[in-house]
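In the numbering used here, the protein residues as written are 1 to 153.
Hints in this document: simulated from the structure, not taken from any laboratory. Accuracy of the hints is not assured; some may be wrong.
[To be verified] So the derived label-pair ranges between C-beta atoms look like this:
#1 W116 to S51: 19 to 25 Å
#2 H13 to H105: 31 to 37 Å
#3 G56 to G35: 29 to 35 Å
Every residue gets a Cβ at the ideal spot worked out from N, C-alpha and C, and that includes glycine.
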Amino acid sequence: MPAPAAELWNCPHCNTPADITSVGFCETVACPNCGQSETVHTLLANFTLESVLGIGGMSTVYRARDMVLNRTLAIKVLHDSDLMDSEESRARFETEGSLMAKVRHENVVSVYSAGWAHGHFYLAMELVEGTNMELLVTERKGLLPGEALELIR
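Can you make the complete structure from the sequences, with help from the hints?
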């Protein structure tokens with residue numbers, strides 16, 4: 001099988017081309033000529049990826065903008081190419097999306113859509129603003145029982 005063609009990006013400042021084939025989604029690259037930095041690979045299907053919200057074992061979650069419906073949401077993308085090659089990992093990711101889409105509850109994130117784009121499976125989900133629970137617990141070095149109950153409630 002032939003190697004994939006190089007993906008070239010032209011610096012918007014000096015128009016110098018650079019190979020960004022191996023650069024991931026929403027990553028910053030520096031122009032090899034003028035040194036200016038730009039975020040690349042910000043389009044996935046009909047979504048504009050704005051920033052990384054979190055990175056987990058199988059995926060990366062991005063803050064994104066739906067260009068069709070004009071709303072902010074979260075996009076979860078399987079991030080490891082080795083996982084993409086695993087039928088089991090792809091099936092787990094698709095099952096997660098399918099199960100999440102069936103759940104309707106005020107305390108569960110809604111899944112809007114799922115699909116494949118640029119060789120990656122993604123879930124488009126409701127974006128919930130607020131503090132990450134893991135970060136909150138780490139910053140406070142734990143929670144008092146009353147605080148934990150209030151957050152759970």
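ask   = Out of the numbered hints, which ones does the structure contradict?
value = 2
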